[in-house]
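Participant: Sequence:
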Amino acid sequence: MALALLGSTGGPGPGAALLLPEVPWPLPIYVLVSADCYALGTVGHRVANLHGYEDAALELQNQIQDSGTDVTCKGMCF
1 MALALLGSTG GPGPGAALLL PEVPWPLPIY VLVSADCYAL GTVGHRVANL HGYEDAALEL
61 QNQIQDSGTD VTCKGMCF
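Sequential numbering of the sequence shown, starting at 1, is according to my numbering.
Don't read these hints as lab results, they were simulated from the structure.
Being a predicted model, the structure only gives us computed values, none of them experimental.
It cannot be assumed that every hint is accurate.
[To be verified] FRET-style restraints, in silico, Cβ to Cβ:
1. N49 - M76: 25 to 31 Å
2. A48 - D70: 18 to 24 Å
3. P24 - G75: 48 to 54 Å
4. C37 - L60: 22 to 28 Å
5. L60 - S34: 27 to 33 Å
6. C37 - Q63: 25 to 31 Å
7. G41 - C77: 24 to 30 Å
8. S34 - L58: 19 to 25 Å
9. N49 - D70: 23 to 29 Å
Each residue gets a CB set at the ideal place from its N, CA and C atoms; glycine is no exception.
Turn these sequences into a full structure, and let the hints guide you.
Facilitator: Right under this line is the structure:
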């Protein structure tokens, strides 16, 4: 049954030749953006959680808060 369904399409139609040149150029861009998003998400998740390093996580959060107050004291606002 599946072979009959696949065979019933009759192959690529006349529009398939026009579609193929348009498909490959965005693929490298898509792969690059997807890999970057995955990498940033992974790094951000691991930095935010610091699995197994609760003391380091608290110290990092304190440093972030201290840097925020230091920057606001110097006249910059977020």
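Participant: Output the indices of the hints that this structure fails to meet, ascending.
Facilitator: Failing hint: just 8.
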